[in-house]
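Asks: Assemble the complex: chain W is given as a structure, and chain B must be docked to it using the hints.
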Amino acid sequence: MTRDREAAPTETTAELVRAVRLAEGAFGAADLEVTGHVLVAARRLSGGSPQCSGVRCWELVFKPERLVPNSPDELVGAGGEIRFTADLDAGEAVFTGFGD
Amino acid sequence: MGGHRRGEQVPDERSAVRHAVRPVDRARPQVPTMVTTRALERRQLLQLQRAAGNTACCGLVGASRTAREAVSGGDEPDQLLPEDGAVRTHALEVSAEFAGGSTTPGPTRVGTSDHRPAPGVLAADQAVGPTGSPTVHSGGGNECLPTLPQLDWDVQDAGTSWRANVVAMRVGGDIRITAWANAPSSMTAPNTPNPVDGGNINNATGSRNRWQFVIDDMADYDSASGGGAGPYWHSTAASSAHEWAHWNSDLLRDAIPTANWTGANTDIDALTVPKSASSDAAAARAALQPGVDARFSTFLRAFATRWNAIINGTDKPGRGGRGYAAGMAVLNGHISAVRGYASSKGWTGGGSP
Numbered sequence: 006m007t008r009d010r011e012a013a014p015t016e017t018t019a020e021l022v023r024a025v026r027l028a029e030g031a032f033g034a035a036d037l038e039v040t041g042h043v044l045v046a047a048r049r050l051s052g053g054s055p056q057c058s059g060v061r062c063w064e065l066v067f068k069p070e071r072l073v074p075n076s077p078d079e080l081v082g083a084g085g086e087i088r089f090t091a092d093l094d095a096g097e098a099v100f101t102g103f104g105d
Numbered sequence: 019m020g021g022h023r024r025g026e027q028v029p030d031e032r033s034a035v036r037h038a039v040r041p042v043d044r045a046r047p048q049v050p051t052m053v054t055t056r057a058l059e060r061r062q063l064l065q066l067q068r069a070a071g072n073t074a075c076c077g078l079v080g081a082s083r084t085a086r087e088a089v090s091g092g093d094e095p096d097q098l099l100p101e102d103g104a105v106r107t108h109a110l111e112v113s114a115e116f117a118g119g120s121t122t123p124g125p126t127r128v129g130t131s132d133h134r135p136a137p138g139v140l141a142a143d144q145a146v147g148p149t150g151s152p153t154v155h156s157g158g159g160n161e162c163l164p165t166l167p168q169l170d171w172d173v174q175d176a177g178t179s180w181r182a183n184v185v186a187m188r189v190g191g192d193i194r195i196t197a198w199a200n201a202p203s204s205m206t207a208p209n210t211p212n213p214v215d216g217g218n219i220n221n222a223t224g225s226r227n228r229w230q231f232v233i234d235d236m237a238d239y240d241s242a243s244g245g246g247a248g249p250y251w252h253s254t255a256a257s258s259a260h261e262w263a264h265w266n267s268d269l270l271r272d273a274i275p276t277a278n279w280t281g282a283n284t285d286i287d288a289l290t291v292p293k294s295a296s297s298d299a300a301a302a303r304a305a306l307q308p309g310v311d312a313r314f315s316t317f318l319r320a321f322a323t324r325w326n327a328i329i330n331g332t333d334k335p336g337r338g339g340r341g342y343a344a345g346m347a348v349l350n351g352h353i354s355a356v357r358g359y360a361s362s363k364g365w366t367g368g369g370s371p
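For the protein sequence lines, the chains are W and B, in the order given. In this text, residue positions in the first sequence follow the numbering used here: the first is 6, and each later residue adds one. In this text, residue positions in the second sequence follow the numbering used here: the first is 19, and each later residue adds one.
It is worth saying that the hints were derived from the structure and are not from the lab. Yeah, the Cβ is synthetic: ideal placement off N, Cα and C, and Gly gets one too. Don't take every hint at face value.
[As the list claims (entries may be wrong)] Listed next, the stretches of chain B that the computed footprint assigns to chain W, with coverage defined by at least 3 CB atoms under 8 Å from CB atoms of chain W:
(1) 145-152
(2) 156-164
(3) 321-327
[Unchecked claim] Here are the simulated distance ranges between beta carbons:
(4) Arg337(B) / Arg49(W): 15 to 21 Å
(5) Ala13(W) / Ala343(B): 39 to 45 Å
(6) Ser294(B) / Ala46(W): 54 to 60 Å
(7) Ser204(B) / Ala19(W): 40 to 46 Å
(8) Val214(B) / Glu70(W): 39 to 45 Å
(9) Pro14(W) / Ala237(B): 36 to 42 Å
(10) Ala222(B) / Thr17(W): 42 to 48 Å
(11) Thr366(B) / Gly33(W): 38 to 44 Å
(12) Thr18(W) / Gly364(B): 54 to 60 Å
Extracted from the complex, chain W is given alone in its bound form (with noise of 0.2 Å):
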């Protein structure tokens, strides 16, 4: 494998971090703090979907901080995922579920 310089910020690098912006943003609306909370997945929904009005839709998973493990001996804890989608046109997440 092959490890390289950390690379110059791209589109995709900008999308991503705006995406996760905005869906920390959403937490105070959907009554959730997201203080205490990582982001665990991130995915382009390349299609879009039914939340967002482009295709420019980032689907985002967040988790409790003390469910996330500091080393590989430790065990993650199943569920606590908080979801958001983040439509990057429209400028705006919206919470759309939990996980367990």
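Replies: Just chain B, lined up with the frame of chain W:
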């Protein structure tokens, strides 16, 4: 479900994606019933008494040190039974029964080594099954977080040597189950379906209580697109089934055996030190400790790797996880009931409002 929700959500139209979630005091969900080690021993003793009489039975009895396990989610029981006095039993089999789990005791290995018990004591070599249960919490999300198993072992006299003997492998952790909104007679959502006259299912165009909308929202629970609980229709029973599937199936039936607990148990039981090097059991325990720790640590690493692979790999909608399958099975019951009710009313059509 997240553990940082600020308050109960009013299920209005604009914010209906927000769940009415609140910690509630309620009866614990159905939890596994543990058969105590003591109960198994007593059962086995009775069987032995019937089979061979008290003389043979008494040969199995020594000094008591056996721990009793708590009923799942309950307080630790008194470790002494009045009628037991100070009797110790080396059980032929030690295992536990979990609701929905295997009731097959671990393999029994008797007389397969050169172990020679002290006169008057027949200590059966044994492989033990996991014992223990999670602490169940109401509220704070829907989660299952086991702790790393803990090992209990002692030293046995093996004639010219001392040997390690696994007494128990204890599992524990936390399960959190949060009550889903349940207003059986209210045409609101989020809610738990109650498809009866006077319930919360209708055929009104544009309503989030419309029967087909209710079905659609539950049907995508275990699908990769839009899966997960709700956002409008779900049930506490589905969440409970999901979390207990993590415990009973992912943990007890998969992660522990896949990490080769049986092999670890066997390896630890095979560790010996000569009496010429350790004059008493305390000295032998100190001498055996590094080997026991090393083997158990190997098991723990394999266990953590397997558990994390299960959760990270499959505990997502549509990924084949056992938690989602268990929750979906409960939701399928709701879906059938809603569909049956709609059919009885002659309702057709009606998807998203």
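Asks: When the hints from earlier in the document are held up against this structure, which numbers fail?
Replies: Structure breaks hint 1 only.
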